[in-house]
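Enquirer: Note that the protein sequences, when read in sequence, are chains S and L. Numbering of the first sequence is given in our numbering, commencing with residue 1 and proceeding in unit increments. Numbering of the second sequence is given in our numbering, commencing with residue 1 and proceeding in unit increments.
Note that these hints are calculated values from the structure, not bench results. In this text the structure is predicted, and so the values were computed from the model without any measurement. Among the hints, a few may not be true.
A few chain L residues that don't get close to chain S, going by computed Cβ distances all over 12 Å [claimed, not checked]:
hint	residue
1	I7
2	L10
3	I40
4	H59
5	G85
6	L96
7	I101
8	E115
9	L217
10	W280
EDC-like mimics (lysine to aspartate or glutamate), calculated; alpha carbons at most 16 Å apart, straight line [unchecked claim]:
hint	chain 1	residue 1	chain 2	residue 2
11	S	K30	S	D9
12	S	K28	S	E253
13	S	K200	L	D274
14	S	K40	S	E11
15	S	K35	L	D273
16	S	K200	S	D245
17	S	K30	S	E344
18	S	K28	S	E11
19	S	K200	L	D94
Note that the Cβ used here is the ideal one computed from N, Cα and C, for glycine as well.
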Amino acid sequence: MSKIDEVRDYELFIGPNHPGIEGNFSFKMKLQGDKILSAKTDAGYLHRGFEKLMEERLFIQNIAIVCRICVPDPDPNENNYARAIEEIAGIEVPERAHWIRTLVLELSRLASHLFGLGGHVATTGLYAFPNWTIADRDRIMELFEELTGGRVYHIYQLPGGVRRDFPDGFERRVLDVMDYIESRLSDYDDLAINNSLFIKRATGIGVITKEQAIKWGVTGPNLRACGVAADVRKDDPYEVYDKLDFEIPTRTEGDAYARIIVRRKEIEQSISIVRQIIDKIPAGPVWNKIPNPLKWKVPAGDAYVRTESSKGEYAYYMVSDGGRNPYRVHVRGASTTHGVHVLENLLAGSRIEDASQIMFSLDACPPEVDR
Amino acid sequence: MNVVLWIIFLPIILFVIGTFMLGYSRKFIARIERRYGPPIQQVFYDIFKLMNKKTNISHGWMHDIAILMLLGGTLLTMYFVPVPGFHFFAQYGDMLVIMYILLIPALGMALGVGETANPNGSIGISRALMMLAGYDIPFVLTFIGFAMINHTTSMYDLMLAQQAGGIAGWGLISQPLLGIAALIALQGMLGEKPFEVMVAPHEIATGPMTEMGGKYLGIMMIQHAIGIVVELTIYINLFLGGAVNWFEYIVKLFVLFTMLLSVNAVFGRFRTDDAVRFMWKIPLPLAIIGILFIIF
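Looking at chain L on its own, in the form it has when it is part of the complex (with noise of 0.2 Å):
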């Protein structure tokens, strides 16, 4: 397909497959909590409905900017990571380029709730950035170790390497080390419990979303559904083979989130500075001990 369709129908795309799993997450976890739940479509008229809202109260120009920014470096990460039949920017940014505009959301994040200035949010935003130290160290090293193996930074490479050895050659298999920290990290960077230390209701009411509301809540929905399937998809391309068509692509995807959605049902979660000793007590020795293994 023509770069120029890609590029506009792909957030599209992964904008409905990821509020799908927003509503199939809202679905599994309602059964496991012996509830209905609501219909698997409800994400999709929740966000409908915020931005058909109108917008009464603005914290001011940094707050609007800032969401955009949001959404934004979300999208951008999704450009450089492959899915199946377009690979396009993955040729022009690497592995590290795509760990560094990964950072661009949460940093958006801490911007436009900042300008809010409500404490929720802000205590909201510091255990993210506090979160984002704890499992980003472990799932940058799971990406070196891989690095080092490959003799390559290019993601499309490392999953095109994978996909060469079969299954045998996917990286959990290869390297379970690094699979299970990088898995650990991923709950993390998800956000799921029990490291959902970022909204904690009970805490701080919800913390970065207390003050947002009709298109700001919108966006951050839009960010959501689609920033998950991003993060899955690096997963999926770093350690479970990649995908070759749109079909194993999505099983991969539903699969993987069932996962850690189950772990996220039977979990409570951790205080702040439990979640980030945990990250640093388990995913990143394993992490560690990963890399050694292949130096030596």
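If we strip away everything but chain S, and leave its shape as in the complex, we get (with noise of 0.2 Å):
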């Protein structure tokens, strides 16, 4: 390195008290002038050893923690859980919990996707719109909050199936909340999607090819963002996602434009699902009643299941010895590898204005990163 790169280089650290962060996290970036030669993630803020600390406590109990995995969008964790406990335990779970599961599922991923397209778009400056998507957003905040008593953490699925049934008149306010959110995306293009500068903005910035995504490991709407329509659940359906007719939006560009396209899209494509939950859904129990959980041994084996949450493919391995608290629990999150490895590729070579917008359009929960 020469004398003048030598004093033109610097460091500048993004910590979690920036306003270009997304969430607690950091990284520390290399540049010289705004141009980004190297960025090195720095996570750790958030460690609270979840799935250490789950090996410590009763398979019930778990359920409170998953869902802290990832604040944004809890359910799949949930679903991911249940499901593996089930799968182990030969648990059946009534056909009503099933259909009620994947609507907490998509209105998990939708109010998910309010959230990152706001907060995607508010690293432009343009911050009329996430204060739009995320008021939008607590319409289906309120919906969680009826169905199961909490807002953001719902620990609503148990294995077996789903803590308890819609309250009276739930399916004709889901409805409405889905009108009112279609009625809204309208806005929501004028303001930011069609917007020329924002266009201009995310146009050509933190581009992933498919066979860099490919090999990267990159899941979710960031992959089919690439082109690579890859859906777990059209791939490998759980829950009734093989009785539901739906769409996989996919763009080629592989840039920050292309991510918020794709998850724009699927807004209307989780809204549809959800309407088609509302028309078909069976009358039915919804829970099939587990064994004491405070003395539930649950038998020895593993399972490896899997889910589509809005930040990409979520899996849980878990493994059980036989006795009352799991004896493995392993997480594979999409945000370890969108919000760690993509990111510091993506960030060399860019500039410092784009860098929190590329953080924000790979849509990486940094609670997962430290699980």
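Build the complex: two chains, separate frames, hints provided.
Expert: The structure is reproduced here in structure tokens:
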């Protein structure tokens, strides 16, 4: 390195209280002027040792832990955890519970996408948009509160089904919220998605090629934005996704704009899925009783289950040794891949103006990195 | 009113107006964002709180002086810009002087923030100076155009010349190309989106303000409040016929500010180079064409 480079290069720390960071996370960048030479992510601000903690708790207690692995989209964690236990213990789930779980997963995806879209656009300075989307997301939070008692963490999907059935008139209110969010989509497009300045800022930024995406293990909307129509809901259907009609939106550009377009189109698909569920959901019980959870010993065995979360593919590998606690629960989340490895690769060579946008466009979830 | 009284009270009056305008801007933008927004007097509370904070960290005497230079430069500009009832200093300094001393706050900020050695602040300052190169040239050209028409560089005389022609005599009506060019440049001068590259919270954590706290931040907020009024007043005097009384003046201030805020609320920010490029692609050619119309 020449003397001039030594003076010209500098380090910039973007930490957990920087407005441009997504959650409790940080990365250090080495810069030359506006150009990022290299970036190193630094997780650990939220480390609560979820995986290890689960080994010390009863199976039933962990339901309150797993949802905290991804705050904006907690339900895929609950779903994976419940399904893994059901597979090991051979528990049957009532048909209606499968439909309710699918509804909850799609509402969670919607809420997470509204949050993610808002966060992404905010990185370019258009703050009206996140205020709109987050206020609209609140309508979904109200539905969750009514159904589960919790707005953010729901602790609702138990082994054997779900904790309780719909309250009176809940289906009508779900449809009303879907109608409302659908009516807002054109406003979203006018304000942000079709905003010429936003398009200019997001196009060609943080480009991932199809080959890179497959090589790096990219999943979810980030992968679909590279032209790969991969989705666990279609490829390995769970709950009742095989009974529902929906499309997998894709783009081929692989840049930040393609990623936001894919998420924006997925909102439409989720609204359609929710309507189909409300239309087709059968009557019946919602939970098959499990043994006393405080004394319950899940038979020895292991299970690998996966869901398609708003962040990408979420998988749980659970091992039971026949005791009251899981022997091992390993979480394969999308955010460790996207928020650490992919982010570091994309930041190198980009510009400081785009660093935050690249991070938010990947829609990673820092607590999952720290699991 | 006595000149001495004007000198004493003008900063206070413009500070009060500017602070209410900032409060209004927060409320206005909040409503577009579908929020309730803070009370309109919130900026007063913020400044009062900041000015009463104990200063524990100093970045040296140069930093302290530079912050005062920032405020002093704005106050000095304020005295040279005619407002209804007071144009005493306008006869001693024309637009050239105003354009010159308008640079002092930017230099003061550059010195003060440079002393803090915070990279976010330094990047913010370099962006601010780059933006200066973007909006200053079209703005100066529009002024040159008006000076050519009216054969004077005095802002007060330019204002009187417009008032003599009624609304049709306003710079924005008689020379629309120059008026539009200056309006875009004014958006950049105020640092409103899409030209908000100096602060850019998601990129450089509010830039120059990152390392500022307590009284330093309080002084910056006071300067910002007065600076907004001064810059809007320059535009009103050059393109909207000035104002003959305070009611007209305040109405024009708020109408103009609301227009700029409306753009600010529904756009993100440019990248720095794109912001400067935009200034040189749109307002600069507009100003040049406007001048060519005047010449030929």
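Enquirer: Taking the hints in turn, state whether each one holds.
Expert: The hints, checked one at a time:
1. I7: holds (39 Å)
2. L10: holds (34 Å)
3. I40: holds (19 Å)
4. H59: holds (18 Å)
5. G85: Non-interface label stands for G85(L): nearest chain S Cβ at 38 Å, farther than 12 Å.
6. L96: Per Cβ check, L96(L) is outside 12 Å of chain S; nearest 34 Å; holds.
7. I101: holds (30 Å)
8. E115: holds (17 Å)
9. L217: Given that every Cβ of chain S is farther than 12 Å from that of L217(L), nearest at about 16 Å, it holds.
10. W280: W280(L) is indeed farther than 12 Å from all Cβ atoms of chain S, at 16 Å.
11. K30(S) / D9(S): holds (7 Å)
12. K28(S) / E253(S): violated (28 Å)
13. K200(S) / D274(L): Given pair K200(S), D274(L) holds - Cα atoms ~10 Å apart, limit 16 Å.
14. K40(S) / E11(S): holds (11 Å)
15. K35(S) / D273(L): holds (13 Å)
16. K200(S) / D245(S): Given pair K200(S), D245(S) is violated - Cα atoms ~34 Å apart, limit 16 Å.
17. K30(S) / E344(S): Status holds; Cα separation ~11 Å.
18. K28(S) / E11(S): holds (7 Å)
19. K200(S) / D94(L): The given pair, whose Cα atoms are some 40 Å apart, is violated under the 16 Å limit.
Comparing the model with each numbered hint stated earlier shows that hints 12, 16, 19 do not hold.
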